[in-house]
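Which chain is which? The protein sequence lines are A, B, C and D, in order. Reading the first sequence from the start, the letters are residues 1 to 247 in this note's numbering. Reading the second sequence from the start, the letters are residues 248 to 494 in this note's numbering. Reading the third sequence from the start, the letters are residues 495 to 824 in this note's numbering. Reading the fourth sequence from the start, the letters are residues 825 to 1154 in this note's numbering.
Hints should not be assumed to be uniformly reliable.
[Stated by the list, open to error] Quick list of in silico lysine-lysine cross-link-like pairs, DSBU-like style, CA-CA up to 35 Å:
1. D/Lys991 to B/Lys393
2. B/Lys278 to C/Lys718
3. A/Lys113 to A/Lys146
[Said to hold, decoys possible] Partner residues aside, some chain C positions facing chain B, computed with beta carbon under 8 Å:
4. Gln522
5. Lys526
6. Ser529
[Said to hold, decoys possible] Heads up, incomplete: computed chain B residues facing chain C, CB under 8 Å, no partners named:
7. Ala260
8. Met261
9. Val293
10. Phe310
11. Gly313
12. Met315
13. Gln327
14. Ala411
15. Pro415
16. Pro416
17. Ala455
18. Glu458
These are calculated hints, taken from the structure and not from any lab test. Note that CB positions come from ideal geometry on N, CA and C, so glycine has one too.
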Amino acid sequence: MICAAASALEDGAMVVVGTGAPCAAAMLAQKTTAPNLTLMFEAGGVGPRLPRMPISVGDSRTFYEGLMATSMSDIMETCQRGIVDYTFLGGAQIDAYGNLNSTMIGDDFQHPKVRLPGSGGASDLGSLCWRVLVITPHDRRRFVEKLDFVTTPGYLDGPGAREAAGLPPGSGPYKVITSLAVLGFNDTTKRMQIESLHPGVTVEQVQAETEFELGCCSPLGVTAEPTTEQLEILRREVDPHGYIIGR
Amino acid sequence: MICAAASALEDGAMVVVGTGAPCAAAMLAQKTTAPNLTLMFEAGGVGPRLPRMPISVGDSRTFYEGLMATSMSDIMETCQRGIVDYTFLGGAQIDAYGNLNSTMIGDDFQHPKVRLPGSGGASDLGSLCWRVLVITPHDRRRFVEKLDFVTTPGYLDGPGAREAAGLPPGSGPYKVITSLAVLGFNDTTKRMQIESLHPGVTVEQVQAETEFELGCCSPLGVTAEPTTEQLEILRREVDPHGYIIGR
Amino acid sequence: MSMRGKGPLFAEPDCDAARQWFRDKPKQMSDKVMSVEEAVRRFVADGDYLASGGFGGDRIATALLHEIVRQQRQGLSFAGHTATHDFQLLCAGNDTGRGQLLKRVDVAYIVGLEARGLSPHARRVVESGQVELCEWTNYTLALRFQAASMGVPFLPVRGFAGTDTFKYSAAARVTCPYTNQELTVVPALWPDVAVIHVHEADRFGNCRIRGTSVSDWHLARAAKKLIVSCERLISNDDIRRDPTATAIPFYCVDAVCHVPCGSYPGNMPYEYFSDEEHLREWLTIEKDFDAYLAFIDRLIFSTTNFEEYLERCGGAARMAELRKQELEPR
Amino acid sequence: MSMRGKGPLFAEPDCDAARQWFRDKPKQMSDKVMSVEEAVRRFVADGDYLASGGFGGDRIATALLHEIVRQQRQGLSFAGHTATHDFQLLCAGNDTGRGQLLKRVDVAYIVGLEARGLSPHARRVVESGQVELCEWTNYTLALRFQAASMGVPFLPVRGFAGTDTFKYSAAARVTCPYTNQELTVVPALWPDVAVIHVHEADRFGNCRIRGTSVSDWHLARAAKKLIVSCERLISNDDIRRDPTATAIPFYCVDAVCHVPCGSYPGNMPYEYFSDEEHLREWLTIEKDFDAYLAFIDRLIFSTTNFEEYLERCGGAARMAELRKQELEPR
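Isolated chain A (complex conformation):
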């Protein structure tokens, strides 16, 4: 997942990342194919030389030997005026249009079965950055027909819906990188479709772990295996304590 995510980031781009896998992916990209990738963190950190993985998107590592330590508003406004290419998001549930739920599980807002943290900056970043990358394990509890709560807008209910809601034209979900496959979105329908399968995984397996119907790109690719160099860098430099890749 992390290696596939890293390869989605081109050199010279700007990306707002969270902690965990997204951060590992961005660090890996920086150390391999995208040395000139600028990392930003929503609490205000810009361009750190990350000494190790941050624990919080606001901790001091997010601006360790950084280019700027600024405000959360500055980061969000930078996204809003169209400077930031990518953001990485996660969530408890995702639907066919890439909408995300990180607020609650259940059907009664005042009495949820599980209260999740809420949007945080996810809804903002998912609205305002140009391209949204999602990294998530792939199973039927997560890939659902209907979200219990739409926290962060994907393509909402289909083509033109983002624009109609007043979200910036041309922005939206870009790739969903899961434990089984790399998925994208059909240009016309804005629905999720498989772009490449991880080695050894079948379309049927992916569909079985997904409640909604998935499209397929043609020809369907196979996700590149992590190279020895990538794994080496991940283990030695990005995550020496195995916080992410150990799990």
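Chain A is already provided as a structure; the job is to place chains B, C and D on it using the hints.
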């Protein structure tokens, strides 16, 4: 004028000042009756220990050994949210309601007889601070029935007009300190009225130098003469080079 | 789309009422240094709308939050913008036999502690339905502080629309008079009281912050009452040596509390890292309710001040270790 | 009251068009150091909307403004927020036999040099009617930059209403959905190009400013193209030693010009005071049109760069004197 203006400022207040006479008045107040007066300058200077009179409201003296050097927006927003008690303004023309013109003389906007600098921060400060103090020479060219251009709102066309325009309730012109008198505004009519005459000046003289009809407070006061101490401080500490009081 | 979210407004976006408040607030440069106990007693009232600075577990005003819990304030509203350990702390005032500290919460992020996991007790409090919620996002909540600090009743934003987050918020829609676009607008939020931890402050409340300011620049200006705690109390002359570094001016501040290590167990940039072991202990112990009650009793309710809490968490030796983690992160 | 001022919009407040521009702008950390001549040649085009940082005669990008005049750019729009010596300089491109540099001006403050008096040549240019004007105030113009830097099409303000300033502006009115108050709103302004002088920058454009920032924090973020001149070129490692001090990040910047004394004859805080004698000379000579033409020819058009101008104004000796005035003001 400067001494009368200084006495309008109570201790512990906050005031946005410009260069020249207003700044001299605020410095004098600080050194006499209002040691705990906080000076602010529209370009971002807060609470300087003024080593001498600033030449520009943005020069480095406006934050020399200051408490904060911030942005113009921060100063204006501080006024807008209701923190700032006073501001000092001037202008080429003033009318009975304390409206001010610092934009142009003439009756054709595209071809003015004289183009003046414009609002600068005057219209903002005159809208947003609680109380506006005006310091100006007193003559018929300045105290006019109708302004050539309303740059900065006083009480506009009378009671309730500021509020109707959306300006903050309870704010507005407070005192006009001139070469002849100290004037205020009638609570009911919002028109200018004489509060005290400078020693030796008569009501008739003041009215003769004013196009519009002036009211009078009753009893009518006499402006306190500058004390020796005030003059001493002005000459020695505030304006040793005679930039203001020499003129 | 609906023109207005159906969430409740926990504070009126009335900029004229706020102006009256700020007009009457004393503005002289007086000595505002006092104990944490006194600051909370004088400036945090039952029913107040409270906001807390920093970023959940980074540069948070832990000592002030402890004291609010210890003094058992009731019926507070709270602004939960990436609220993690701060929210977890305040939840110690709900469902623990001491009334109900939290009553209404504007939510951007609560219950969780980022990658560390969810707080079992915060989940108990929120999932019970005893706390009224209104949904926001980190940026829109920051924007609400910004509107208040600017003195205007609302500000516009491009995001947020089309979601249930909008539907359960109190955001509204306005048509742009220039582009005819419909834009989301959020209402100004003037908290009754805010608590912010800073690196350095003088006795009058002029403050410096190093590292990210998160939302604190605007929050400090939006708050009707502001209590600041600081790592170091510095002289006014020091402040005047570098006015560019002043982030919060004295006229925003009501009380200054000198609390070294005041963000513990949160991270304080350039000072000490977060105590991840202690934060893990919280999350683990909360699973067992009785153990949790004993835990908060030992660490908060039976201590008389924050220094005792620091002692019970390992004192100077632990702080030295966290300082090393902060300064030598590689 | 009218819902919309009758002043013209010199730039469309189209936030989607601005997003497209910023999306396509290169964002890698490349070396952007170049000469003033090259920066102006590459990044200032005829017909551009230009904005200038600082405060008229304080921390202004004089070298860049000279070069724009020297290269005889035509038909510019300009944002005149307390524009004093900067506006006076640009007026040297109008009515002096070299076409028409200024064509449209958003005015908050022009023509004057604060307490120093009015510029006779700037009056000639403006009173002739050859420049189209739209009226604003210092705050509303700053707010227009702020809206642009935030990426929204407008922002609200409490002031400005009821005046002729409003009537001759392009401000509009919006009803607050919460309070039903009518508020003035101002349209976002994304200048095509801005010039800002800073204390320190690295080769990539990360910049530090000491003292008041005026509107430059927002202006730097609003500008589609940004040329920065700096007193000192510092290393990227230096920038990274104190990220809190970075006011403008590299991704806003297109060119970095190393110009010591680059704000002369304006004040540069902590570096040198304004040259009041030289500014008085400008105001005096402008009264005599022929003398003025010779004056600007000698100081701007016949010089090849800013260093020659500094030499003709007294060179190192004069700068040492102004440095003393700045550092020992008492």
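These are the hints, each one checked on the structure:
no.: 1; hint: D/Lys991 to B/Lys393; verdict: holds, 16 Å
no.: 2; hint: B/Lys278 to C/Lys718; verdict: holds, 31 Å
no.: 3; hint: A/Lys113 to A/Lys146; verdict: holds, 16 Å
no.: 4; hint: Gln522; verdict: holds, 4 Å
no.: 5; hint: Lys526; verdict: violated, 14 Å
no.: 6; hint: Ser529; verdict: violated, 25 Å
no.: 7; hint: Ala260; verdict: holds, 7 Å
no.: 8; hint: Met261; verdict: holds, 5 Å
no.: 9; hint: Val293; verdict: holds, 6 Å
no.: 10; hint: Phe310; verdict: holds, 5 Å
no.: 11; hint: Gly313; verdict: holds, 4 Å
no.: 12; hint: Met315; verdict: holds, 4 Å
no.: 13; hint: Gln327; verdict: holds, 3 Å
no.: 14; hint: Ala411; verdict: violated, 14 Å
no.: 15; hint: Pro415; verdict: holds, 6 Å
no.: 16; hint: Pro416; verdict: holds, 6 Å
no.: 17; hint: Ala455; verdict: violated, 38 Å
no.: 18; hint: Glu458; verdict: violated, 34 Å
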